[in-house]
Amino acid sequence: EPEVTQTPSHQVTQMGQEVILRCVPISNHLYFYWYRQILGQKVEFLVSFYNNEISEKSEIFDDQFSVERPDGSNFTLKIRSTKLEDSAMYFCASSSTQGSNVLTFGAGSRLTVL
Amino acid sequence: AQSVTQLDSQVPVFEEAPVELRCNYSSSVSVYLFWYVQYPNQGLQLLLKYLSGSTLVKGINGFEAEFNKSQTSFHLRKPSVHISDTAEYFCAVSGRAGNMLTFGGGTRLMVKP
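In the order they appear, the protein sequences are chains A and B.
Residues in the first sequence are numbered from 1 upward in steps of one, following my numbering.
Residues in the second sequence are numbered from 1001 upward in steps of one, following my numbering.
Honestly, I wouldn't trust all of these hints.
Reference excerpt, derived from the structure (chain A facing chain B, CB under 8 Å, subset only) [said to hold, decoys possible]:
| # | residue |
| --- | --- |
| 1 | Gly16 |
| 2 | Lys42 |
| 3 | Phe45 |
| 4 | Ser48 |
| 5 | Gly72 |
| 6 | Phe91 |
| 7 | Val102 |
| 8 | Leu103 |
| 9 | Phe105 |
| 10 | Ala107 |
Every beta carbon over 12 Å from chain B, so not counted as near; a handful from chain A, in silico [claimed, not checked]:
| # | residue |
| --- | --- |
| 11 | Met15 |
| 12 | Gln37 |
| 13 | Asp62 |
| 14 | Ser73 |
| 15 | Ile79 |
| 16 | Arg80 |
| 17 | Leu84 |
| 18 | Thr112 |
From the structure, some residues in chain A lie toward chain B, with a derived Cβ separation under 10 Å [stated by the list, open to error]:
| # | residue |
| --- | --- |
| 19 | Pro2 |
| 20 | Glu3 |
| 21 | Val4 |
| 22 | Ser9 |
| 23 | Tyr35 |
| 24 | Gly40 |
| 25 | Val43 |
| 26 | Glu44 |
| 27 | Glu56 |
| 28 | Ser58 |
| 29 | Cys92 |
| 30 | Ala93 |
| 31 | Gly106 |
These are computed hints drawn from the structure, not numbers from a lab.
What you are looking at is a predicted structure, and each value in this text was computed from that prediction instead of being measured.
Glycine is no exception: its CB is placed at the ideal position from the N, C-alpha and C atoms.
Based on the provided sequences and hints, a complete structural model is requested.
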């Protein structure tokens, strides 16, 4: 069964450093998403991406965040200058269509900011 | 805007017993409803979804959920649980026009032998 692949599974970084989280969505999917889950809290929507541009973003997705699809397979989330409160599990997801919103999620990348 | 409330953060249950995980939502627009399951060290896996039609929805692993519009609920049920059902379960909603999922806080199902 096709799956969404995320790397790294766990990254530890110092506050102020840049972090790039990588995702390989399912190959024929057109919509891509990032969600995050701070420990003990809800899974929260960050951003959705379609046709090489952001289609929707939440208040969490401020100027320190950016997304990119640098080639035909990868979808990345960059955090420019990490803060302690960025420590969370970050989930990538993809879907083939909009509207019915059946998202396939990756296993997540755990980011720990020290 | 939507919100989702999962009333129980943890549900302990013995193997082969029935279980119900509760989910209530609020929304000013029509929604799609989902249940996802997260096994340890894995991603979120879709259990079932309600898009339209019959309010009783059957999913994988013997789970089912019933959409109740008047009570704005979408409770998840299984008549007989297994040890392997131990996991975190997330209820989620989305508006029909967009693609943003709003999740509940999750319910940890702990199945004991």
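Status of each hint after checking the structure:
1. Gly16: 29 Å, violated
2. Lys42: 5 Å, holds
3. Phe45: Holds. Min distance 5 Å.
4. Ser48: 5 Å, holds
5. Gly72: 21 Å, violated
6. Phe91: Because about 7 Å separates Phe91 (chain A) from the closest Cβ in chain B, which is inside the 8 Å limit, the hint holds.
7. Val102: Holds - the Cβ of Val102 (chain A) comes within 8 Å of chain B, reaching about 6 Å at its closest.
8. Leu103: The hint holds - Leu103 (chain A) has a Cβ within 8 Å of chain B, the shortest such distance being about 7 Å.
9. Phe105: This interface hint holds because 4 Å falls under the 8 Å limit.
10. Ala107: At 4 Å from the nearest chain B Cβ, Ala107 (chain A) passes the 8 Å test, so the hint holds.
11. Met15: 26 Å, holds
12. Gln37: 8 Å, violated
13. Asp62: 17 Å, holds
14. Ser73: 18 Å, holds
15. Ile79: Its Cβ never comes within 12 Å of chain B, the nearest being 20 Å, so this holds.
16. Arg80: 23 Å, holds
17. Leu84: With a cut-off of 12 Å, Leu84 (chain A) remains clear of chain B, as the shortest Cβ separation is near 22 Å.
18. Thr112: 16 Å, holds
19. Pro2: 13 Å, violated
20. Glu3: 8 Å, holds
21. Val4: 7 Å, holds
22. Ser9: Holds - the Cβ of Ser9 (chain A) comes within 10 Å of chain B, reaching about 8 Å at its closest.
23. Tyr35: 8 Å, holds
24. Gly40: Hint on Gly40 (chain A): holds, closest Cβ of chain B at ~9 Å, below 10 Å.
25. Val43: 4 Å, holds
26. Glu44: 7 Å, holds
27. Glu56: 6 Å, holds
28. Ser58: Where the cut-off is 10 Å and the nearest Cβ of chain B is about 8 Å from Ser58 (chain A), the hint holds.
29. Cys92: 9 Å, holds
30. Ala93: 8 Å, holds
31. Gly106: Holds. Min distance 5 Å.
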